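2 protein chains.
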Amino acid sequence: MRIVVLAGGIGGARFLRGLKQAEPDADITVVGNTADDIHLFGLKVCPDLDTVMYTLGGGIHEAQGWGRADETFTVKEELAAYGVGPGWFGLGDRDFATHIVRTQMLGAGYPLSAVTEALCDRWRPGVRLVPMTDDRVETHVAVELDGERRAVHFQEYWVRLRASVPALAVVPVGAEQAKPAPGVLEAIAEADVVLFPPSNPVVSIGAILAVPGIREAIADADVPVVGLSPIVGGAPVRGMADKVLAAVGVESTAEAVALHYGSGLIDGWLVDEVDEAAVPAVTDAGIRCRAVPLMMRDTDATARMAAAALELAQEVRA
Amino acid sequence: MRIVVLAGGIGGARFLRGLKQAEPDADITVVGNTADDIHLFGLKVCPDLDTVMYTLGGGIHEAQGWGRADETFTVKEELAAYGVGPGWFGLGDRDFATHIVRTQMLGAGYPLSAVTEALCDRWRPGVRLVPMTDDRVETHVAVELDGERRAVHFQEYWVRLRASVPALAVVPVGAEQAKPAPGVLEAIAEADVVLFPPSNPVVSIGAILAVPGIREAIADADVPVVGLSPIVGGAPVRGMADKVLAAVGVESTAEAVALHYGSGLIDGWLVDEVDEAAVPAVTDAGIRCRAVPLMMRDTDATARMAAAALELAQEVRA
Numbered sequence: 051m052r053i054v055v056l057a058g059g060i061g062g063a064r065f066l067r068g069l070k071q072a073e074p075d076a077d078i079t080v081v082g083n084t085a086d087d088i089h090l091f092g093l094k095v096c097p098d099l100d101t102v103m104y105t106l107g108g109g110i111h112e113a114q115g116w117g118r119a120d121e122t123f124t125v126k127e128e129l130a131a132y133g134v135g136p137g138w139f140g141l142g143d144r145d146f147a148t149h150i151v152r153t154q155m156l157g158a159g160y161p162l163s164a165v166t167e168a169l170c171d172r173w174r175p176g177v178r179l180v181p182m183t184d185d186r187v188e189t190h191v192a193v194e195l196d197g198e199r200r201a202v203h204f205q206e207y208w209v210r211l212r213a214s215v216p217a218l219a220v221v222p223v224g225a226e227q228a229k230p231a232p233g234v235l236e237a238i239a240e241a242d243v244v245l246f247p248p249s250n251p252v253v254s255i256g257a258i259l260a261v262p263g264i265r266e267a268i269a270d271a272d273v274p275v276v277g278l279s280p281i282v283g284g285a286p287v288r289g290m291a292d293k294v295l296a297a298v299g300v301e302s303t304a305e306a307v308a309l310h311y312g313s314g315l316i317d318g319w320l321v322d323e324v325d326e327a328a329v330p331a332v333t334d335a336g337i338r339c340r341a342v343p344l345m346m347r348d349t350d351a352t353a354r355m356a357a358a359a360l361e362l363a364q365e366v367r368a
Numbered sequence: 051m052r053i054v055v056l057a058g059g060i061g062g063a064r065f066l067r068g069l070k071q072a073e074p075d076a077d078i079t080v081v082g083n084t085a086d087d088i089h090l091f092g093l094k095v096c097p098d099l100d101t102v103m104y105t106l107g108g109g110i111h112e113a114q115g116w117g118r119a120d121e122t123f124t125v126k127e128e129l130a131a132y133g134v135g136p137g138w139f140g141l142g143d144r145d146f147a148t149h150i151v152r153t154q155m156l157g158a159g160y161p162l163s164a165v166t167e168a169l170c171d172r173w174r175p176g177v178r179l180v181p182m183t184d185d186r187v188e189t190h191v192a193v194e195l196d197g198e199r200r201a202v203h204f205q206e207y208w209v210r211l212r213a214s215v216p217a218l219a220v221v222p223v224g225a226e227q228a229k230p231a232p233g234v235l236e237a238i239a240e241a242d243v244v245l246f247p248p249s250n251p252v253v254s255i256g257a258i259l260a261v262p263g264i265r266e267a268i269a270d271a272d273v274p275v276v277g278l279s280p281i282v283g284g285a286p287v288r289g290m291a292d293k294v295l296a297a298v299g300v301e302s303t304a305e306a307v308a309l310h311y312g313s314g315l316i317d318g319w320l321v322d323e324v325d326e327a328a329v330p331a332v333t334d335a336g337i338r339c340r341a342v343p344l345m346m347r348d349t350d351a352t353a354r355m356a357a358a359a360l361e362l363a364q365e366v367r368a
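Which chain is which? The protein sequence lines are F and G, in order. Adding 50 to a residue's 1-based position in the first sequence gives its number in the working numbering. Adding 50 to a residue's 1-based position in the second sequence gives its number in the working numbering.
Chain F on its own, in the form it takes in the complex:
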């Protein structure tokens, strides 16, 4: 079975771990979000790609969900001693090595997709991890700070400001000019199923879909497309999906997110059992919907979610 998964960071990575357990023999291509990439200290940092790579490769800081296990922060402390910031982004020494290798390869002319493949040579995530694009896309968030409206990098909104102020607009800068990375459209065209994990519908999956050609390829492909709601009981399971959904005029409900994607894009939608009441409305909108437990408490629970998504895809196909 060939599965394509669009993935953000923690949610996408953990879902993938469950999916691999549920379907160990599947051929999985992960289209990773790169719109939250950021240049820090002159280095190219790809938080979502790395979270997928570290999680599936066994290098992740489990409790934290991002960054490396057994991490130390000597480089960061030294940079602070030089007065060089930002200090709000927690890059550890092990993590720095990844960004140094990536930046060196990019500087030598390799596209991000080739760099990601090279990094995965070490991590062996058991999936094919492809960035959504080799071009630079950066999600900016418009906010009002001290009475002034300004745009900040998504990481600044999320990590520095901790999403504490409303997101007035969310723009994946550069997306319009970006091209899908090599292999992305081919993987979608050859897929047996496309899955949207419970990743952020705006800044993760939304950013991937904003790369011209990707949304169209998924909508036009003759394969079931099934998503899992990142909203449970009216709130995001983790992260700040509610804040960025508000910026695009979408309510933070399992139903509203399904309708935001729309029946032109997704064929199936899983909501959590607490959101069972949303099933009829989603179904009425032409999206096959089912309520199942959607909390990724551990890999077993997550594998059951993945199995339910594949089962729903099977129903769609039949």
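Everything labelled a hint here was simulated from the structure, so no lab data went into it. What you are looking at is a predicted structure, and each value in this text was computed from that prediction instead of being measured. Glycine included, every Cβ here is placed at the ideal spot set by N, Cα and C. One or more of the hints may lead you astray.
Stated by the list, open to error - To give a feel for the contact side, a few chain G residues facing chain F, derived at Cβ under 8 Å:
no.	residue
1	Thr122
2	Arg172
3	Met290
For this one, chain F is given, so just place chain G on it according to the hints.
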């Protein structure tokens, strides 16, 4: 007193520490060798500038003579796990931060001299440290390896090969096109004395003198120029000066190095007491010469060497 010192790495840095003790109120400008700079992992590494900065700023690994005290090597281990080399160059985590800051500033368009000044804002070395040039100069060493003649970067010759094969030629690539960094010629013109510490006469002081304008400025300045022999008893006190001296056809003796610089450049020359026999020949060549203890055993001993050099400069001036 305004003193200009041309400096390589360990020898130059330790001499400077002695000089500062001997003349605490002196206004010292250090023209640092940058011809052993190297790009590693996409980062700009300036071993000699850093050795001076760390030594005078209290951050040096004392026993080793280069690199940072209390160093860890997490980043390096991770780079090795990615299969990214070279592994033969020992960059520690603290040291990496310096190279990250430097590379980021260079990437933002600052010249190396401005970057060095910014790094010294943290280290406060008590001297003005100026790279010999803002342009890229790299010493390459011609060697025969496996029957084939090829050129290697100086660091590869010194650190990887440990100078274990003869140096057939030593070329400061790029020096001819390089311009002295801002402030270098001005400092020489305004100096009361110019000192050559017991640094390598070929790859350190020789590389600095290879930048067009610097040798001429020193030769033409109406100030005493005094050097200290890096060769004691027919061998370099440390390092591989003998190997690279052979490449330029100079014997490894205190006398031969003095004559290599020549009376057109230096006015005074200190040799170690064990080389007292060299004094008449150097003197005959028109260079005032004296034999004093030249082993930098500790800062006190080094301060006495610096004082002897300044005393010799005073004699020249009189």
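To see whether the hints hold, each was checked on the structure:
1. Because the smallest distance between the Cβ of threonine 122/G and any Cβ of chain F comes to about 6 Å, under 8 Å, the interface hint for this residue holds.
2. Because the beta carbon of arginine 172/G sits about 5 Å from the nearest beta carbon in chain F, less than 8 Å, this interface hint is met.
3. Because the closest C-beta pair between methionine 290/G and chain F is about 29 Å apart, greater than 8 Å, the hint is violated.
Of the numbered hints stated above, the single one contradicted by the structure is hint 3.
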